[in-house]
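Colleague: For reference, the chains in residue letters:
Number of protein chains: 2
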Amino acid sequence: MALMLLAPIVGFITMLCVALYYSWVTRQDAGTPTMRQIASHIQAGARTFLKREFRAIACFIAGGAGVLLLAMWPLWQIAFGFVTGAVFSMVAILIGMNAAVRTSVRTSSAARTDPGKALTIAFRGGATMGLSIVALNLLGISGLAYLFGVSPDHPEAVSLLVGFGFGASLAAIFAQLGGGIFTKAADVGADLVGKVEIGIPEDDPRNAAVIADLVGDNVGDCAGRGADLFESGSDNLVAAMIVGLAFIPRYGWAAILFPLLSRTIGAVGAILGSLAVRGAGKKNPATALNTGLLVTAGFSLVTFYLLGTLLMKDVAVFYCASLGLLAALAVSGVIQYYTGMGRKPVAKIAESSLFGSPLNIITGISFGMESTALPIVIISLVMLAAYRISGGGLDGIYGITAAALGITELKGIIMAADTFGPIVDNASGIAEMAGLGPDVRRSADVLDAAGNMAKAITKGYGMACALMTSAVVLFAYLTELARHAGIEFTSFPDIVVNMVHPVNIAALFIGATIPFLFSAQAIRAVGLTAHQTVDEVRRQFREIPGLLEGRALPDYSRCVDISTRNALHHMVGPTVTAIVAPIAVGFLLGPWALAAYLVGVKIVGAALATFMFNAGGAWDNAKKSIETGKYGGKGSEPYKASVVGDTVGDPLKDTAGPSLHILIKLENILAITLLPLFLKYGMVWK
Amino acid sequence: MALMLLAPIVGFITMLCVALYYSWVTRQDAGTPTMRQIASHIQAGARTFLKREFRAIACFIAGGAGVLLLAMWPLWQIAFGFVTGAVFSMVAILIGMNAAVRTSVRTSSAARTDPGKALTIAFRGGATMGLSIVALNLLGISGLAYLFGVSPDHPEAVSLLVGFGFGASLAAIFAQLGGGIFTKAADVGADLVGKVEIGIPEDDPRNAAVIADLVGDNVGDCAGRGADLFESGSDNLVAAMIVGLAFIPRYGWAAILFPLLSRTIGAVGAILGSLAVRGAGKKNPATALNTGLLVTAGFSLVTFYLLGTLLMKDVAVFYCASLGLLAALAVSGVIQYYTGMGRKPVAKIAESSLFGSPLNIITGISFGMESTALPIVIISLVMLAAYRISGGGLDGIYGITAAALGITELKGIIMAADTFGPIVDNASGIAEMAGLGPDVRRSADVLDAAGNMAKAITKGYGMACALMTSAVVLFAYLTELARHAGIEFTSFPDIVVNMVHPVNIAALFIGATIPFLFSAQAIRAVGLTAHQTVDEVRRQFREIPGLLEGRALPDYSRCVDISTRNALHHMVGPTVTAIVAPIAVGFLLGPWALAAYLVGVKIVGAALATFMFNAGGAWDNAKKSIETGKYGGKGSEPYKASVVGDTVGDPLKDTAGPSLHILIKLENILAITLLPLFLKYGMVWK
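Quick mapping for you: the protein sequence lines, in order, are chains A and B.
If you count by my numbering, then the first sequence holds residues 1 to 686, one letter each, in order.
If you count by my numbering, then the second sequence holds residues 1 to 686, one letter each, in order.
Worth flagging that the hints you see were computed from the coordinates, not collected in a lab.
Please note that a few of the clues may not be correct.
The list treats identical chains as one, so a pair stands whether inside a single copy or across any two.
[Unchecked claim] The calculated DSS-like cross-link candidates involving lysine-lysine, where the alpha carbons are at most 27 Å apart (straight line), are: (1) Lys344 - Lys630; (2) Lys313 - Lys686; (3) Lys344 - Lys634; (4) Lys624 - Lys640; (5) Lys630 - Lys640; (6) Lys348 - Lys624; (7) Lys348 - Lys634; (8) Lys634 - Lys680; (9) Lys344 - Lys624.
All of these numbers come straight from a predicted model, not from anything done at the bench.
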């Protein structure tokens, strides 16, 4: 039990680091008055959006908590955990966003004199988000565990923690959808009029949508991704602890302690890693980021070995966790191949732009589809290897769980690197808008390139994470299903979801359509909002005299407002789909078929998300490679064709794709939470 | 046994009808010398392509037969059936193609004087294809059944028929991929230079790719779809008979006779339906097509009732078959909503063209994704209903099989209507190229609109068919698996593929990536070939003096040659993927995990194909609705944006989408064929 105290203690220490980083960043110079003014526009836009978004989320959470309280009575803990999960998620986002919007202007200010320092500032700003997620995850889950009386005598109380995961999931899906729709509608709208119709560069201050675009980088990439990782962190931990329940006969109390401790030590690793990232003079920023990653990974491997041998007395656990770490690296490598500048897919997409935009898009779709194969096969093989190494049968499940814990171990440092991306993106935008001159632009661009590399790594990481986590969450569902149904779950034939039973086939089919339906709604929302943004930007160019010549300023706030209103409106539809479908299946086809439904959502969601991420990323870099002067460079016909591809990819890679990762986990955690109801009232099919 | 004789007798009668239709059509007037000359270009192109394609297919079939003979020895019947299936499929295509290319010029000739007669000619030309498929299906399978000694004493010999299905599948995937790549590369290439760069209309004789495009309509839409339906006809029938093996204890020999007889009576229904289609004066062509469909459907319902009550003594079989028929109609209705002119999705896509091509594409992707939900849910519900009606448990499987037989009952008439599409498309192209004047164009356009409606119906039908058939083929796999593994398969718990076992999850994951990988290769092939076509058409406009002014003719044969060479080259890659993947899974993960793999291919393939079909169809009609004058009509900016969407959709809806339908079935039939090898040499995972 003393070991359990470690989690909240490390959580507090991590929060302390967050405070230190935050105050260090805000003490840095915020640049010229123009820069400060631009930054204040972005801050105001982001603050307004978050305020309205959080208010909307709060309503849904309150309603959901009420329903949960009534439906699950007397298990008040579910509703309580649900609210806690959502609130902790929003607090983490708030801290991270506040840091991010303050950091970017300071980064561009430092870029004027000391590019190395600019890197350090940007990274520490990002680390504020990364560490606060890890810390709040630990504090929330260990706090609730104390409150609900989880202990060696009452291990089964861990299943009450699902409420926390459910709350985090629901907050995350709203945050990712809302942020994703906001950012891409602004981005697409800005590009369609700016780059395509009028031919002014990215981030040009004459474009009315440019502030909305910069705000979007924060609320989409930063807040959205933060909520996603907060969610997968909690879901993964809660699920691993629930799976642990089935392993108490084998490992004792350590089966449940292991996930919590590995996460605790992960927080320490993230702190060490973030301290290792320091920019210095002319050093390549990518090297600095890699150093941080390697420090965390090395520390994780050592501690997994210690946990495996000392706590679990089973070195197989260490091998499996290491496999998970390796899988994350391998998948990242594949993603970098499919989306990296200078690699074959991006080069071919750029080349096909010579033949017009349709062939650019066809080629991108083709490589995007191809790119689904390797990551999924890698994860499948890791899953099989972990299963074998840990002895197969039911024991194999703990091996897969350990592999998933291995992947999530890097969460803190990855999130820090990921938030680094939008921060330097914003910094470079602020430099452009404030007219800081070519030198500053250049050093901002070097940072931006490092940011893009970080984004590619984190995307591969996110994918590996979502796939493995969803497997673990499925096993948690089965563990709970067996427990509630009174089945002693000691080997595989004890628990069977027959894939060839027509009811399960039907559930699988229905599950397979949900990621398509969900993505359709998310993508459409971006399209509809972009329509309005295009109209507004066109109107301002038409009606504001002197705007195109640079003698007048556009009204930025109108575009921010369009994005805000639409994002809040459209984030509801896909969420309703995501909630109603599994509930309907659970009641009408029963809890066993619901497992089949979850598998359907998972496999289609994983493939579709990978397709959308990689096609979008490749189109983006194909455009960038033409911008560097290939095939006629900016303004040429091939360039215009590549902009079409890039714009089509935007909602795929930044709205629907990341939301799908959340969807996969949300469906599972919702199923676990409501399982007692499905068992009680669900239809029974023979 | 006397009843079994019915199948070959009706098969011969149907072939007789084919001969009568063929000779009737060829006796019609073939128009002016110019028209004859254009038609002879198309015929020559189609003949050359088919000759080279069949030669390539023959090599693969011969190689495959050799391997099968060695691997399955002493079961020579598998290899023999394999060759027979492939040869029969190619003969059906040959007959149908010969009829189609002769019919189109006669249709445009008749359109000059009597639009009603033009309809009758076009439909009878199409019916030649539709009926020869049904007839050769019946003759091939019943002939092999006699040869292999299938009888009430040796019912298990039906499982030797899988070779026929496998041969038909392999020929079909080559024909569909080769034809699909040919047609779309020519189409995309012609459009990119003609419509987008130079601004000349569709089917303009100055475009060097225009003959290749018209040839493509025949080898892609007509030959490819024919091979697809021949395949699904054989697979469905063979699978239903194998499933019937498990039901001999319940229904006796009738369990196996029922599928064969229902198909036999389906042929009679198709003949009656095709006779009912007659154009007359000003009558709406769509009404005439619908009449044919209704006659066949009505006849089928009556005979299903008789078969159910008299042969099977179980009226539930009739209900299930009727449900299948209804499902086909319901899915067609959904497809017509998502791709129909004047319906919301197409209108919204057209509207979004006002905001540039990226939003046109985003909106199309969104509606395409949304459109996957309803068809798949409808099929799932029909499957559940058939399962329930027929008593659930193992008995429910026969109900689902009967529903699938209900769907396939319409195959002949649907295929006739489907071939009608490319015929009138070609007729209208010939009218344009021969400069026949606005009156003839107009009556050709009316036929074309009916052809598009027919295409929409047949696509929905094809989808419903592929989904249900793939379920039946899966059950056939399980029946065979149980038989070979010595499991007495009398209720569900006897045969279990546990969806939550990690090895099966991995197989499911791998299966889910195959449709993406396969589509990626097919789409890329179109892109690469279109590159070359664009280069060639551009070169001819540049180098042939007077071409653009209409004073010189382009060299059509060069574009035909580019499409031919590339189509034959690129049809190999996806096929290898489709063959290697299930064999690898079968050996490395074992035959039980292979069932999971098949389910993965099926659900992802179904959703992805539906997405590609409907997005492509909707983009096409959005473009057509702007062509009618909306948003500025032809030549306007929104029109250009809509052409981009249409061009992107081409390889999705006409190359990858239809090939996926074949893939789903090919994987299953391959698995059944090689099952004894997997059981003998496959790895065993505990």
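Colleague: Could you figure out if Lys630 and Lys640 sit no more than 27 Å apart (CA to CA) within one copy, between two copies, both or neither?
Modeller: For Lys630 and Lys640, both the intra-copy (13 Å) and inter-copy (25 Å) Cα distances are at most 27 Å.
Colleague: Could you figure out if Lys344 and Lys630 sit no more than 27 Å apart (CA to CA) within one copy, between two copies, both or neither?
Modeller: Within one copy only: 15 Å inside a chain, 41 Å across chains, cut-off 27 Å.
Colleague: Should Lys313 paired with Lys686 be assigned to within, between, both, or neither, using CA atoms and 27 Å as the limit?
Modeller: between (43 Å within a copy, 24 Å between copies)
Colleague: At most 27 Å between CA atoms: does that hold for Lys348 and Lys624 within a copy, between copies, both, or neither?
Modeller: The answer is within: 13 Å in one copy meets 27 Å, while 31 Å across copies does not.
Colleague: If the cut is 27 Å between Cα atoms, do Lys344 and Lys624 qualify within a copy, between copies, both or neither?
Modeller: For Lys344 and Lys624, only the intra-copy Cα distance (15 Å) is at most 27 Å; the inter-copy one is 36 Å.
Colleague: For the identical chains here, do Lys348 and Lys634 meet the 27 Å Cα criterion within one copy, between copies, both, or neither?
Modeller: within (18 Å within a copy, 31 Å between copies)
Colleague: Since the copies are identical, ignore which copy is meant and state whether Lys344 and Lys634 lie within 27 Å (CA to CA) inside a copy, between copies, both or neither.
Modeller: within (21 Å within a copy, 37 Å between copies)
Colleague: At 27 Å max between alpha carbons, let me know whether Lys634 reaches Lys680 within a copy, between copies, both or neither.
Modeller: Neither. Shortest intra-copy (63 Å) and inter-copy (61 Å) distances fail the 27 Å Cα cut-off.
Colleague: When Cα atoms must be at most 27 Å apart, do Lys624 and Lys640 count as within-copy, between-copy, both, or neither?
Modeller: So Lys624 and Lys640 pass the 27 Å test inside a copy (12 Å) and across (25 Å) alike.
Checked against the numbered hints given earlier, the structure breaks only hint 8 and satisfies all the rest.
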